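Visitor: Sequences listed follow chains R and X, in order. Going left to right, the first sequence walks through residues 9 to 455 as my numbering numbers them. Going left to right, the second sequence walks through residues 48 to 235 as my numbering numbers them.
Hints may contain errors.
[To be verified] Below 25 Å or equal to it, Euclidean Cα-Cα: the simulated PhoX-like pairs (lysine-lysine) are:
{"no.": "1", "chain 1": "R", "residue 1": "Lys40", "chain 2": "X", "residue 2": "Lys188"}
{"no.": "2", "chain 1": "R", "residue 1": "Lys112", "chain 2": "X", "residue 2": "Lys100"}
{"no.": "3", "chain 1": "X", "residue 1": "Lys172", "chain 2": "X", "residue 2": "Lys195"}
{"no.": "4", "chain 1": "X", "residue 1": "Lys193", "chain 2": "R", "residue 2": "Lys55"}
{"no.": "5", "chain 1": "R", "residue 1": "Lys125", "chain 2": "X", "residue 2": "Lys172"}
[Stated by the list, open to error] Here are the in silico distance ranges between beta carbons for each label pair:
{"no.": "6", "chain 1": "X", "residue 1": "Val230", "chain 2": "R", "residue 2": "Ala91", "range": "36 to 42 Å"}
{"no.": "7", "chain 1": "R", "residue 1": "Ile99", "chain 2": "X", "residue 2": "Ser204", "range": "26 to 32 Å"}
{"no.": "8", "chain 1": "R", "residue 1": "Ile99", "chain 2": "X", "residue 2": "Asp98", "range": "28 to 34 Å"}
{"no.": "9", "chain 1": "X", "residue 1": "Asp207", "chain 2": "R", "residue 2": "Glu344", "range": "47 to 53 Å"}
{"no.": "10", "chain 1": "R", "residue 1": "Glu45", "chain 2": "X", "residue 2": "Ser204", "range": "34 to 40 Å"}
{"no.": "11", "chain 1": "R", "residue 1": "Lys75", "chain 2": "X", "residue 2": "Pro163", "range": "37 to 43 Å"}
These are computed hints drawn from the structure, not numbers from a lab. Small disclaimer: the values here were computed from a predicted structure and weren't measured. Think of the CB as a built atom: it goes at the ideal place given N, C-alpha and C, for glycine as much as any other residue.
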Amino acid sequence: MGTTRVLVVDDELIMRESLAGWLERDGYEVEKAASGEEALEKSKSSKYDILIVDIKMEGMSGLDLLKHVNENDPEAAVIMITAYGSISTAIEAMKNGACDYLLKPFDPNELGIIIEKITEGQAQARENLFLRQQHKDRTRFESMIGQSKSMQDVFDLIQDVAPSNSTVLITGETGTGKGLAAKAIHANSSRSNGPFVMVNCGAIPEHLMESELFGYQKGAFTDAKETKKGRLEMAHGGTLFLDEIGEIGMRMQIDLLRVLEDRVLYRVGGTQPIEADFRIIAATNKNLEEEIKEKRFRKDLYYRINVITFKMPPLRERKDDIFLIADHFLNRFSQETNKQVDKISREAMDEMMLYDWPGNVRELQNAIERGVVISKNRTLGPEDLPILCSEKKGGPGGRSLRNMEKEHIEDILQENKWNISRSAKVLGIDRSTLYNKLKLYNIEKPS
Amino acid sequence: MSSSLEKRILISPIGSQDEEVLLLISTAVQTFFGCETGILPVLDNIDFAIDFKRNQYHSTVILDRLSELAPRDTLKILAVTGFDLFIPIFTYVFGEAQLGGKACIISTHRLSRDLPSMEWEEGFKKRAVKEALHELGHTFKLTHCKEKHCIMRYSRSIEDVDNKSREFCRYCRQLLDDEMGAVEAFKS
Numbered sequence: 009m010g011t012t013r014v015l016v017v018d019d020e021l022i023m024r025e026s027l028a029g030w031l032e033r034d035g036y037e038v039e040k041a042a043s044g045e046e047a048l049e050k051s052k053s054s055k056y057d058i059l060i061v062d063i064k065m066e067g068m069s070g071l072d073l074l075k076h077v078n079e080n081d082p083e084a085a086v087i088m089i090t091a092y093g094s095i096s097t098a099i100e101a102m103k104n105g106a107c108d109y110l111l112k113p114f115d116p117n118e119l120g121i122i123i124e125k126i127t128e129g130q131a132q133a134r135e136n137l138f139l140r141q142q143h144k145d146r147t148r149f150e151s152m153i154g155q156s157k158s159m160q161d162v163f164d165l166i167q168d169v170a171p172s173n174s175t176v177l178i179t180g181e182t183g184t185g186k187g188l189a190a191k192a193i194h195a196n197s198s199r200s201n202g203p204f205v206m207v208n209c210g211a212i213p214e215h216l217m218e219s220e221l222f223g224y225q226k227g228a229f230t231d232a233k234e235t236k237k238g239r240l241e242m243a244h245g246g247t248l249f250l251d252e253i254g255e256i257g258m259r260m261q262i263d264l265l266r267v268l269e270d271r272v273l274y275r276v277g278g279t280q281p282i283e284a285d286f287r288i289i290a291a292t293n294k295n296l297e298e299e300i301k302e303k304r305f306r307k308d309l310y311y312r313i314n315v316i317t318f319k320m321p322p323l324r325e326r327k328d329d330i331f332l333i334a335d336h337f338l339n340r341f342s343q344e345t346n347k348q349v350d351k352i353s354r355e356a357m358d359e360m361m362l363y364d365w366p367g368n369v370r371e372l373q374n375a376i377e378r379g380v381v382i383s384k385n386r387t388l389g390p391e392d393l394p395i396l397c398s399e400k401k402g403g404p405g406g407r408s409l410r411n412m413e414k415e416h417i418e419d420i421l422q423e424n425k426w427n428i429s430r431s432a433k434v435l436g437i438d439r440s441t442l443y444n445k446l447k448l449y450n451i452e453k454p455s
Numbered sequence: 048m049s050s051s052l053e054k055r056i057l058i059s060p061i062g063s064q065d066e067e068v069l070l071l072i073s074t075a076v077q078t079f080f081g082c083e084t085g086i087l088p089v090l091d092n093i094d095f096a097i098d099f100k101r102n103q104y105h106s107t108v109i110l111d112r113l114s115e116l117a118p119r120d121t122l123k124i125l126a127v128t129g130f131d132l133f134i135p136i137f138t139y140v141f142g143e144a145q146l147g148g149k150a151c152i153i154s155t156h157r158l159s160r161d162l163p164s165m166e167w168e169e170g171f172k173k174r175a176v177k178e179a180l181h182e183l184g185h186t187f188k189l190t191h192c193k194e195k196h197c198i199m200r201y202s203r204s205i206e207d208v209d210n211k212s213r214e215f216c217r218y219c220r221q222l223l224d225d226e227m228g229a230v231e232a233f234k235s
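Just chain X, same shape as in the assembly (with noise of 0.2 Å):
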């Protein structure tokens, strides 16, 4: 097996999802992550995890299906849904992600809202990148950051996917860097 195929992270769209917003994605985890990806439907379905009391799907036993059914050359897989996610303690949540762990998941259900209309395509597609990068983050050891623009720094709320950037802060990126040259070492 070749290393590039062992860094591969995976896209993988479950449900109908924009193949634009998948792309933009792609390239850009490609860019922060220096790594090649794919993007490849694992899940047909997420019923497994639905709650119907609440009318949402429980993000952390669908992250456990994803590790299990992630290929073998995966290093990362990050899930993109528009179905609504939550975590039991919470009425909601953007996404979530395995901390140091393989996989992670993404919502688009709720990076629509509080849009203009005339920036609505573009603006959605930006929060989509952002939550994508910072979800893939945790997966290597990235915690919450305090810096009001990094990438990693939590959101509380669609205005502050809106207000931080799509960059690392150089301390996220320290470590970011240190954690891929770990996993580069472990494979070798």
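Pulled out of the complex, with its shape left as it was, chain R reads as follows (with noise of 0.2 Å):
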């Protein structure tokens, strides 16, 4: 951070002087302006990280001047002052956005407690700025990675979602990228400041759930020998997000539909209702509608979750995205691993659009990762991707996928006597994908 940028701004020349003359001495970067409309016009052409402002003065007042640096540059502190004395008026500039006032002549001690105060929150409101930023910048880079429809689709709905407190409920296959959907729901929801707490609910045993979610009070059972806060508590003024839902067993969802209507908890063996101040995010892989037909999750809270749902799209439904995804991982393993592997191959690329990925985007991005610290080249070939090796093994019977493919499109070509168009379009592709299979499985028009 540089120096700190001072204007004062006073009509009467021995004020200006002597306060100018002190900031200088406490080295701050001075600048002076004889009246408002002259504080205005150098405002306009230079940041200033404060303005000392007398309100009193010929021309353009001070309250004036406070307005215009209020809307020209928010950024800005103004601090006011006053040889009259008037809390009245300086209430009212405070009201409009001043940041303090003083009194003239003030005490040394006051103008100096005061300028720190606001230097160190312009540091601190850069530093969050910057750390918001990075978090922003990451957030982007690492989760939410697609063009393809569907997901620009998504993206647009949490954009919508996110600014309102409204409990959203995320579905879609194991890996799609449900909990990176919904930390950017909460990074660009207004508790974004606010903490972001994760519970897996099928990772946490049934017989801890609850003091895992609730907390326990000192002494409640045998082992609580402090009190501890739980994950629900931990969410206050952020974001709770539950993550495979469909997992948490019937008396925990009694107790959790409990909260979400009274919006208190109490911990495990309190008695002091805690206020619940939190977002809801919930996720599962599940069919909710299912279990609540097999008895296995309670209807009430799934009216109650089921307030906003959207699904994740599997991979296999945008292969548009693979390359980009494909890609964003071989930079980061390869960085991470310090390897120089940074590119793909052709053929592996054509082997991974062919793949289902069952496992979506984490077994995508365990594919390359595994492909990256095995890789003997600066290109990741189809040797080193584990699950299309796997793959060409053949599946039941001996024939896999590649096979049954390559086999389904010579019979498509046969049928329609080698006519290309024809055949992609019975084969639902268009006609530089079949080119590309045809390079692939080296298919040749027999002669």
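Two independent chains are provided; combine them into the complex using the hints.
Guide: Here's what the structure looks like:
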């Protein structure tokens, strides 16, 4: 951070000079203006961290200048000074956005304390902005990668639902990025400065779930030697992400429902109600309606969490994104492992496009990570991708998907007398994709 | 004119001042600024700077007059007064200096506050020396320092004066040495 820039605005020369002189000795970069109009001109061409403005001046008053500064440069802090001791004017100035006010002449302590408080606040705000920006960049980078229509729709939906406080239910297969979508909602919400607390409902044993979620009071049970906050309490002011909510037990469903309805919670063994101020985002790979039919999930809880619902598309339904995601992970893992693997071969990419990725993005991530680790070349080839290699070995009956696809293409081509356009139409792919596949499988027109 | 005379820092009492305090300041100035010093009153009185409403003396006006009247062989002039000083924007100041200029002034008026009677004399002298070195530092272009114990740290209260040391921190020492070097080069 550079030197703090201060503009002293006072139509009284002696006041202006004495204040500017003191500020200069205090190490600030100081400029002076003899009127509100001059200050306004200066603030249009230069940026000041702090303006110290006399309220009562000939021409444009300090209050008018304050309004202009607030409009033009809301980050600048304005301290009002007045020789008239009019508290009502000072209060009006504070209402209009002044940081503080001082009655002339003031104690040197007072100004020093006010300026220090302001500069510390501004430094903190800059730091927060930097961290938030960094966090946002990372979120955008790591999580929601996708140029496909289905992912663009998800992005739009997240942008729309994030600002509200409504409960969100994210469905989708495992590995589709439900957790990342939840984080993206939190990051784009008004609660983004608050905590994002995740509970993997499928990973916590039933008997530990209550104390994990609600915390406990010292002495509540034998091992409760200290009072401990639960995840719900920790999420105060932020977002509680209940991952795999379909795995939560029936007893806990009742407790959770009560919290959602009453907006208060009690620690295990506690009698003091604790305010439950968090937004809930839940995720599941189960069909909760089926679970309700099977009486494994409470209908009332389902209605509570099913306010806004969206589905994360599986990777096989957005194959356009495979290259983008694979390239992202290739960069990331080659940096992390310090290995120079910077390309994916065309053959490997074709193989990836043919694969269905039942484990979705997570499976693709793991495949690339392993590939980078074992690869001996700068280019990742099909031999470096384990899933694709095992696929080549063939499935049940010794016929792999690849072989089946190859045979199917050959059949269709034969049926259509090697008319590429017609065959592509029958296969449901475009001509260029069909040409790529012919090349991939070494399919040649019989002579 | 000899170079030693040109480097003289003048300690200039205004009104009656404890000679021992002046000597202590003089010795400290010699030690910290490496200059010869002299003790010489330049102003008989400072009535021209009084503000009757406030019953205080406007230090900026005094500095201007000191600059004009300082003998030609004076590198810097430090006035020491028992009168209460102010600058218009503040209710009071312990002292004032022309940043990078010739003159500075300290007031001992508020330096005796909150001292235990047993340590009164010693405490008072320590405070006066610290304020003198601080204001002189400004005339060598040093601004207030954030280092907790540096002599150039701004004293908001008399406790702050007591809490800081009598030393320049290494940054201010370096800046002071640079400035002294620049002054020396200019003279030669």
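Visitor: Against each hint, give a clear statement of whether it holds in the structure.
Guide: These are the hints, each one checked on the structure:
{"no.": "1", "hint": "R/Lys40 with X/Lys188", "result": "20 Å, holds"}
{"no.": "2", "hint": "R/Lys112 with X/Lys100", "result": "14 Å, holds"}
{"no.": "3", "hint": "X/Lys172 with X/Lys195", "result": "21 Å, holds"}
{"no.": "4", "hint": "X/Lys193 with R/Lys55", "result": "24 Å, holds"}
{"no.": "5", "hint": "R/Lys125 with X/Lys172", "result": "33 Å, violated"}
{"no.": "6", "hint": "X/Val230 with R/Ala91: 36 to 42 Å", "result": "40 Å, holds"}
{"no.": "7", "hint": "R/Ile99 with X/Ser204: 26 to 32 Å", "result": "28 Å, holds"}
{"no.": "8", "hint": "R/Ile99 with X/Asp98: 28 to 34 Å", "result": "29 Å, holds"}
{"no.": "9", "hint": "X/Asp207 with R/Glu344: 47 to 53 Å", "result": "50 Å, holds"}
{"no.": "10", "hint": "R/Glu45 with X/Ser204: 34 to 40 Å", "result": "38 Å, holds"}
{"no.": "11", "hint": "R/Lys75 with X/Pro163: 37 to 43 Å", "result": "52 Å, violated"}
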